[in-house]
Amino acid sequence: MNDFNRNRAVDWALKLYVLLSFGFIFAPIVASFAFSFNVDRFPSLPLGGFSTIWYEAVWADPLVWEGLRNTLVAGAVVSAIATVIGFGAAYTDFRYNFFGKTVYVALALLPPTIPVVILGLAMLAFLSSIDLSGAIYSVIIAHVVMCAPFAMAICRLRLSQMDPSLEAAAWNLGATEWMAMRHVILPFCRPAILASLFITMAVSFDEFAVAWFVSGLNETLPVKVLGFLQGQVSPRINVIGTFVFLASMTLIILAQILLIKRSASPAAATNTGAVPQ
Amino acid sequence: MIDQALVVFDGVVKRFGGFVAVEKLNLDIRQGEFLAIMGSSGCGKTTTLRMLAGLEAPTEGEIRLRGKRINDLPTWQRDTPMVWQSLALFPFLTVRENIEFSLRMRGVERSERRKRVDKWLERMQIGEFAERNVAHLSGGQRQRVALARSLVTEPQILLLDEPLSALDAHLKIRMQTVLSNLQRELGITFVYVTHSQSEAFSMADRVVIMSRGRIEQIGNPQDIYRAPRTRFVAEFLGSSNIFAGKVSNVSEAIVRISTPAGEFEVASNATRHLSKGDKATFVVSGDRVLLSNQPPADGLNRLQASVVGEEFVGATAVIHLEGAEHIEIKAQKSHDELERLNLEPGAKVWVSWRPDASHVLPGE
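So the protein lines, in turn, are chains A and B.
The numbering of the first sequence is numbering that gives the first Met the number 0, which starts it at 0 and goes up by one.
The numbering of the second sequence is numbering that gives the first Met the number 0, which starts it at 0 and goes up by one.
The shape of chain B in the complex, shown without the other chains:
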């Protein structure tokens, strides 16, 4: 059997005692892609990465690298280097010795080692620290040493386990650029585990969202953002309003869904065929919600809600509202627009959106 993908997880299960960390994972990782695996802590993303690195053995299923089963291959015989959350630099070695480590372990001779380390020292712009102890470097410099140490064997795949989580916001953005550029230039596969949506969405070609050991959705960042598949993904991304109810009427282009907060029209959706009586959940992202003090124009979905509060998020603000049956609604608005509205806490406002601004979750 020949796999098109570089790495294939084929029905992989990982149990720790009675705890199921990863459940029936099927995942293809393509040659040369930047794949982010995202989820909250305990979702199985790090376990997945560690199985790929060979630091955990799958309980069931098969992991294939270039079509070859690697379940039982010890980590030191795979070339799947990992950049650790703690970086795990060897504190008793210099920068050069750290980068050289994997070459030394693999018996590469001295002059060749020197040449290859020099190349990476220059590439990561850490040449001037080569003979310094790694304990005497700044966070960003240590990050570069860790990357150079993992890449010096010129592997086909690099695994990254939340490597930026310890950096401050500014440095994080800078390192994101470094990582993106590096991945493009080398053309190798990066598998990047993170709990941060902004890191995953800004760097990855494809994002895998995991929850409780299962994959909730795989796709490129735009698709996941615009068309979440499940309620979990919609909630995880955090910017959507979620309405669950039953289909009350289906016509050609419009489906009517009745929810505890009222009856709403959604544009019928090719990904999920709905008929009368079906359960359905749809989302409206916060930036597509309109607010007004007067009743909105005909043809829009509407409901009345009272203002709970306002959350400042820089150029925009998020207004939190509460509709009938305690349904929570979020609307993301520019500050200019907010000034034209009366949004005292407790004030009643109209919330509206176009039927085609909503998205029916295909997985619910």
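Just chain A, same shape as in the assembly:
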């Protein structure tokens, strides 16, 4: 590690800094996790003793189940639709050159840069004016708008790693455009498509603000949590928080594994490729 003759003190200070940063990020989550198993009503130290009563309380709460169901349905549908749209947009960008393409790509990637409160308000105004607000599909529509750009970015990255001759080679070998899509483009993009499904699902799973605006009575889990907070401070929030955190992290980690594994393998191949003739 000390290849550059760095000052020892600086070295330690930097390590401490990284450690503190991680602590700062993860301490609240760890605390929430710890308190979810705490028997006490209020989150205070020292811990009162191990218990799963809050898990039992959440388990028995039909409102939580309804929220979870809404969240899962929305997440699954959103990830599928957003990935189809995102892949289509990325492929259009990869395959075709047309007037205004820069504007097209910029617009397609724009939604995540809009503040969620504004997006949520706009969505509510728009959806209610066409009588689509306050239902589960309102959340789905709003979340597809938010998630499709992520899907597009992931698919675009994968397509940019593709040899541009690959598709033409498939045509040249007798594949029609649809066959080339099915036998070459989609298999090549498979890790990106799976990653995009997981990530968009995770985004939809977590998203609160827009869902709060448009969901009406069909609240998703994060919106439910706010309801709990407004009523009373209940350790049940810790339970739900832990659950949402674990679910999202699992999806994101799966996506990362898919993306990293695939992009690393061609590099490994070139190393072993130098077989002496």
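Hints listed in this document are in silico derivations from the structure and should not be mistaken for laboratory results.
Note that CB positions come from ideal geometry on N, CA and C, so glycine has one too.
A few of these clues could be false.
Claimed, not checked - Going by beta-carbon spacing under 10 Å, a handful of chain A positions derived as facing chain B:
1. Pro163
2. Leu165
3. Ala169
4. Gly173
5. Val183
6. Pro186
What the hints assert, rightly or not - Pulled from the structure, derived: some chain B residues nowhere near chain A, Cβ distances all over 12 Å:
7. Asn25
8. Ser40
9. Val82
10. Pro295
11. Thr315
12. Ala346
Unchecked claim - Some residues of chain A that are not near chain B, with every Cβ distance over 10 Å (derived):
13. Ile28
14. Phe32
15. Gly47
16. Thr51
17. Phe125
18. Asp130
19. Gly133
20. Arg155
Starting from the known structure of chain A, fit chain B onto it as the hints suggest.
Chain B alone, transformed into the frame defined by chain A:
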């Protein structure tokens, strides 16, 4: 209209917006020949190949395959497989699946596919890698997979777009032999696009030299080397000294041409009739130039030049000289011969050549 040739380019033009990539191309490609299309980048050689493959549509003119117009036939309905510069192997498939691809796309049934792929695996000596992913092969092995993948449908024509450019020199020579043998054994037409003179000249039966979308010359390698048609070809081949001037005197067998570097005699040439006052350009190839410290014998063309430098090219060396009016002269000599001469940079030497060692460019 019946074409004798396998492929005919009939007045083919290709424009990309305002850029003319190929201009009025007329070219016959014969059944069973190894044709190389050569030129520097942007000369239209790859566009020509891609039009033949069906990856670009001609703007004007007609391309015929066995007498049938194929301008509007999509590439997947032609059997004109191409070996790509990047090889474009499918990275998520094994060697076998790559070779099988075109058979699968054409709906050939499984057992037949297996038989035909096995045949090519054996022929290209890649059988032992059949189930391996193509990413785990060496450059030469990948090359063989690409060839097998294109040839598995047993097409009448194979298109090759600089397939050897990524290989090291040794492997390149080896693959040249593989390609030449393959073409002879299969007896099918190869159209090979390259910017490398050595690749084109060592493998092809006929070479097409292109520049700025036009054909400069078509011929067998020896003819092109010995008798370039235009100044571009002479310069592209790089081994010739070029003199441009005006005819000052014509006699029975000898034409005198006066150039800024002096007045020279050339043997009169059947391909181009010259009369007094005509503009004429002739070339003398570097290996036919004589160098001496003493004035040369009578009957030779001569000029005095000073040595600029020496370029080592293996068994021989190229001496760069500069004559009157800054004319550049190259002479290719063996190292033995060079030792007998004083060739210090700046030294004055006599450059001479026989009148029949020169070649008048018919196209200038």
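* **Violated constraints from the hint list, given by number and in increasing order** => Checked against the structure, the only hint that fails is number 9, while the rest are satisfied.
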